[in-house]
Amino acid sequence: MTALFGPNTSPIHLAAPGPKLLALIVLILAVSWSPLAGLALTAALYALAFKGLTRFFNQLWALKLLIALITIPQLLFGTPWTTVFDSTLRITDAMLLATLFSLTTKTQALLDSIEGALNSKPLRPLTRLGLKPETVSLAFAMTMNAIPMIMKFVGQIKEAQSARGLKPTPVRMTIPLLVASLKYSDEFAEALTARGVEV
Amino acid sequence: MLIEFDAVSVAFEGKTALDNVSIKLDQQRIGVIGLNGSGKSTFARLLNGLVQPTSGTVKVGGINPTSDARAARRQTGFIFSNPDVQIIMPTVIEDVAFSLRGAGLSKDEVQAKALASLKRFKIDHLADQTAHSLSSGQKQLLAICAILVTEPKLIVADEPTALLDLVNSRRIAQALLSDLPQQIVVVTHDLELAAGCDILLRFADAKIVQVGEPATVIQSYLAENA
Numbered sequence: 015m016t017a018l019f020g021p022n023t024s025p026i027h028l029a030a031p032g033p034k035l036l037a038l039i040v041l042i043l044a045v046s047w048s049p050l051a052g053l054a055l056t057a058a059l060y061a062l063a064f065k066g067l068t069r070f071f072n073q074l075w076a077l078k079l080l081i082a083l084i085t086i087p088q089l090l091f092g093t094p095w096t097t098v099f100d101s102t103l104r105i106t107d108a109m110l111l112a113t114l115f116s117l118t119t120k121t122q123a124l125l126d127s128i129e130g131a132l133n134s135k136p137l138r139p140l141t142r143l144g145l146k147p148e149t150v151s152l153a154f155a156m157t158m159n160a161i162p163m164i165m166k167f168v169g170q171i172k173e174a175q176s177a178r179g180l181k182p183t184p185v186r187m188t189i190p191l192l193v194a195s196l197k198y199s200d201e202f203a204e205a206l207t208a209r210g211v212e213v
Numbered sequence: 017m018l019i020e021f022d023a024v025s026v027a028f029e030g031k032t033a034l035d036n037v038s039i040k041l042d043q044q045r046i047g048v049i050g051l052n053g054s055g056k057s058t059f060a061r062l063l064n065g066l067v068q069p070t071s072g073t074v075k076v077g078g079i080n081p082t083s084d085a086r087a088a089r090r091q092t093g094f095i096f097s098n099p100d101v102q103i104i105m106p107t108v109i110e111d112v113a114f115s116l117r118g119a120g121l122s123k124d125e126v127q128a129k130a131l132a133s134l135k136r137f138k139i140d141h142l143a144d145q146t147a148h149s150l151s152s153g154q155k156q157l158l159a160i161c162a163i164l165v166t167e168p169k170l171i172v173a174d175e176p177t178a179l180l181d182l183v184n185s186r187r188i189a190q191a192l193l194s195d196l197p198q199q200i201v202v203v204t205h206d207l208e209l210a211a212g213c214d215i216l217l218r219f220a221d222a223k224i225v226q227v228g229e230p231a232t233v234i235q236s237y238l239a240e241n242a
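In the order they appear, the protein sequences are chains A and B. End of the first sequence sits at 213 in our numbering; the numbers just go up one at a time, nothing left out. End of the second sequence sits at 242 in our numbering; the numbers just go up one at a time, nothing left out.
Since the hints were derived computationally from the structure, they do not count as laboratory data. Incorrect hints may appear among the rest.
[Claimed, not checked] Quick list of simulated restraints, FRET-style, between CB atoms:
1. Ser134(A) / Lys123(B): 14 to 24 Å
2. Ser134(A) / Lys169(B): 33 to 43 Å
3. Ala203(A) / Val225(B): 49 to 59 Å
[Unchecked claim] Some residues of chain B that are not near chain A, with every Cβ distance over 12 Å (derived):
4. Asn64
5. Lys75
6. Gly93
7. Ser97
8. Asn98
9. Ile109
10. Glu125
Nothing here was measured: the structure is a model prediction, and the numbers come from that model. Cβ atoms here follow ideal geometry from the backbone N, Cα and C, with glycine treated the same way.
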């Protein structure tokens with residue numbers, strides 16, 4: 015989801031991040047009522063944003079493992095296939111819509127919106143309860159930023175295990191990935207401190 | 017700016033990382049060399065309060081980084097060896113602009129300053145790119161831009177060329193040794209970079225064992241570790 019944003023001039027790219035985030039939430043709730051119609055609507059939004067459906071199918075293909083992970087256990091436990099189909103479609107719709115949002119929204123604009131919203135009158139009481147808008151937006155940015163790093167670690171661990179004749183499996187990768195992520199978080203925290211971030 | 021260490025010691029979990037170091041430095045380009053674990057990085061981290069002394073006092077431009085870490089970090093920019101961990105925001109321009117949060121500037125001013133900082137190192141054409149997709153050399157230049165945009169008085173670089181190839185190492189060395197008006201403290205294993213400094217400190221066993229002209233210090237370092 016990180017920094018997938020690419021410059022474009024579609025109405026979806028140009029929409030303000032705050033209302034767009036609200037629309038995303040509403041759409042995700044709405045597609046739950048009719049997942050198949052929701053998928054068609056999502057495809058139409060991708061077509062509007064990217065002048066075609068190539069991006070839509072690329073993102074759908076990227077979700078294949080997740081779809082398999084959601085579907086197979088349900089089928090194995092004997093859940094009726096119509097229920098499995100509906101629930102998988104709902105999650106796929108939500109993932110595709112969330113990806114569309116990050117593909118069409120500049121991170122900084124989104125962070126400004128989050129800060130703006132938390133500083134707005136209706137949500138201002140939350141700041142009195144200790145919720146700092148800048149901390150929330152920074153946490154959001156950091157989460158987005160951590161994704162490519164974790165993907166990089168996954169690639170490095172896979173390569174290292176393959177080089178030593180091991181077939182990388184999720185179980186074998188868990189501990190090295192955890193160690194690499196913890197080391198990264200330590201170094202990242204130090205870099206944040208050095209740049210004057212106090213949270 | 018005067019850097020003063022007065023009987024500074026640092027210990028981590030019973031292990032001495034720096035042992036009773038006292039020195040005064042006001043040179044423009046200060047190099048720090050030594051074997052791994054000799055205390056170089058601890059020395060560098062004391063300059064902006066990333067590490068606190070167990071005993072003794074550090075002062076940088078009159079500011080004590082232990083008691084006034086915020087002021088110390090405002091005047092001191094820090095460059096790490098791994099450029100990946102220094103990236104906070106997803107895109108190049110956003111990462112540089114991040115440094116100016118809370119500076120009281122308008123959005124347009126922040127954007128203009130960030131872009132000017134990127135232009136200085138000729139990476140403004142990468143402004144809208146994903147920061148993690150850059151090469152290691154470009155990421156390290158981005159880290160320098162993100163620090164320079166806040167106009168620090170001192171830049172501390174801890175092995176800034178460790179993960180870079182020859183071309184990128186030379187580009188970073190050129191930036192640190194020639195292009196920047198700031199005072200620089202550079203911790204390095206790159207003897208070519210160390211040779212370009214005004215003064216060199218050599219660390220061994222948590223102590224400064226030699227201070228002097230880079231050529232002389234490098235010669236004895238090589239001789240001792242031959």
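Verification of the hints:
In this structure the hint that Ser134(A) and Lys123(B) lie 14 to 24 Å apart at CB holds, the actual value being about 18 Å. At roughly 38 Å, the beta-carbon separation of Ser134(A) and Lys169(B) lies within the given 33 to 43 Å, and the hint holds. Checked against the hint of 49 to 59 Å, the C-beta distance between Ala203(A) and Val225(B) comes to roughly 32 Å, which is inconsistent with it. Interface exclusion of Asn64(B) from chain A breaks down, the closest Cβ pair being 6 Å apart, not more than 12 Å.
Distance to chain A confirms Lys75(B) as a non-interface residue, since its nearest Cβ pair spans about 19 Å, more than 12 Å. Distance check for Gly93(B) against chain A: the nearest CB is about 8 Å away, which does not clear 12 Å, and the non-interface claim fails. Residue-level check failed: Ser97(B) sits 10 Å from the nearest beta carbon of chain A, not beyond 12 Å. Asn98(B), annotated as away from the interface, has a beta carbon of chain A within 12 Å; the closest lies near 6 Å.
The claim that Ile109(B) lies off the interface is violated: its Cβ sits roughly 8 Å from the closest Cβ of chain A, which falls inside the 12 Å cut-off. Residue-level check passed: Glu125(B) sits 14 Å from the nearest beta carbon of chain A, beyond 12 Å.
Violated hints, listed in ascending order, are 3, 4, 6, 7, 8, 9; each of the other numbered hints is respected by the structure.
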